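Read off the chains here:
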Amino acid sequence: MSDVIVTHGLTKYYGEYCALDGLNLRIPQGTVYGLLGRNGAGKTTAIKMLLGISHPSYGCAEVLGEDAEELRPETRARIAYLAEGHPLYGWMTIGQAVKFTRSFYDRWNQKLLEQILDHFQLSPKRRIRRLSHGQRAQVALALAVATDPEVLILDDPTLGLDTVVRRDFLESLIQIIQRRGRTILFSSHILGDVERVADRIGILVDGVLRVDCPTDHFKESIRKVVLEFEGKPPELPFCPRLVSSRQVGSKLEVVVVGLNGEQRQLFDSLRPRCTEEIEFNLEDAFIEYTIGPRRGLPIFSTEEEVADV
Amino acid sequence: MFRAMALKEFREIRGVALAAMIIYGIITIAAIDYRSPLNLFLYLPINWREGIPFVYDSFVGKFYFFAALMAIILGLWQTFGESVRGTYPFLLHRPASTSWLMGMKLLVGTVVYLVASAIPLLIYGIWAATPGNHASPFEWSMTEPVWVSWSAMTIVYLGAFLTGIMPGRWYHARFLPLAASILVMVGVAVLANYVFAGALWLCWIILAVDIWIIILIVFIAKSRDYT
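The listed protein sequences correspond, in order, to chains A and B. Position 149 of the first sequence, counted from 1, bears residue number 148 in numbering that gives the first Met the number 0, the numbering being contiguous throughout. Position 147 of the second sequence, counted from 1, bears residue number 146 in numbering that gives the first Met the number 0, the numbering being contiguous throughout.
Looking at chain A on its own, in the form it has when it is part of the complex (with noise of 0.2 Å):
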């Protein structure tokens, strides 16, 4: 299966600030991809390098095998963006937008385009600027769609919709995921969401993307394991893979990637009263990783392979 979208060293500087730090990303034709990362992580910044709206410090990124700074109009029509915010000319009727945007396409599924519409009840004649947040998302992703694209860049794309408006948007992502086996790659904070969507995920921390794994990967590699001692806990020795670890009354609480025998016998070489080992959820795994040391976090590539740093 040939890489849909693909970076090297993708590197971005504002002044003095990285936003983002070398990524290297490869996403197969397929694929949904779910760039997560706390908020200032370097998502966007990454996103809008691989349409060329935003030029990287160093690096490259390539988009259907086409440099993303210069991507051809052509290639462009093959793939669909709906910005962060999902802006839009609030001075247009929503069939005036339809309008604009489909002057630009060869093609145009005028059809799939009505259902999106008429499935979220939205009038063509209603103005974009009397919209609520949620049905502007929902004519961005109707206009997205409609390009018939075979790839989706999705920034935030729930970002500010309440829960059933969620549910109902990412209903909707998902049937167009399963036609024809588009490559979605997109951001978000909420990791449900993720969840729901996502096979593969990428976690950007401080600009490095820490983790570049699949979802369920992701989830059962981190354990975080509850140490329950008679007195005071102590000192944890060097553990490699460790997250984080704090210590709670009589407990010693060590989140940790890749629990293995190295990591178990070293816990036993505290001689715990008792070892409890607790799974997490996505969102549980990510605040867990995303909130230790920053810089020293051990990094996943793949499912076979993770890393010290």
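Simulated from the structure, these hints should not be mistaken for lab results. Source: prediction; values computed, not measured. For every residue, glycine included, the Cβ atom is placed at its ideal position computed from N, Cα and C. Just so you know, nobody snuck in bad clues.
Derived coverage of chain B by chain A (criterion: at least 3 residues anywhere in the stretch with Cβ under 8 Å from a Cβ of chain A; other residues may be distant): (1) 7-17; (2) 86-97.
If you anchor each label on the Cβ, the simulated ranges turn out as follows: (3) A/Arg128 - B/Phe9: 13 to 21 Å; (4) A/Cys59 - B/Ile122: 50 to 58 Å; (5) B/Asn192 - A/His54: 40 to 48 Å; (6) B/Met0 - A/Glu278: 47 to 55 Å; (7) A/His54 - B/Ile214: 14 to 22 Å; (8) B/Trp99 - A/Lys124: 24 to 32 Å; (9) A/Arg71 - B/His171: 34 to 42 Å; (10) B/Arg13 - A/Pro123: 19 to 27 Å.
Position chain B relative to chain A; hints supplied.
Structure of chain B alone, referenced to chain A:
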């Protein structure tokens, strides 16, 4: 695509054009009819009522001022409008080159400025050329400096557009293109009025400066970050 983009741009700046037309209408009526109460509104000196159209009158100075103002507002409107609404990512992701998209904006903005500003000049010129309307000589060649200045306002429009699209802070680099374009326009207008009849050759200089600014606009539009 051409039509859709042109209509979109026109729709966005038509309010500016309309406001400019109203102001142009007021100053043209005031210049044609010195008894008009609009003259009181515009504080026109009494002795101008006997002036010579396009040479010494109540129209040209005000026309320059409002034409420059319209050019500045248009240029900033077309660029800041997209920035403020956050629509640059949407627009720039359309399958068309950045040069084409910016070129369309510039084309529509320039045409709207030129047409909207030419109408009052033509009306005033036709009035001045009609015998019996004023007690002074008139030749169409007397209007040449004003037409040169009218075309020189495109430099101001492009300068404002460049200011709007340039990343940077307001108080230095970003403001520079607009300030420089106003200076160039004033220089050209002064020169045109000094040369007077036969000043049309200055349009070649204006065209050269316009092309140079357009090249800068396209370069900056392609190389800047839309964050």
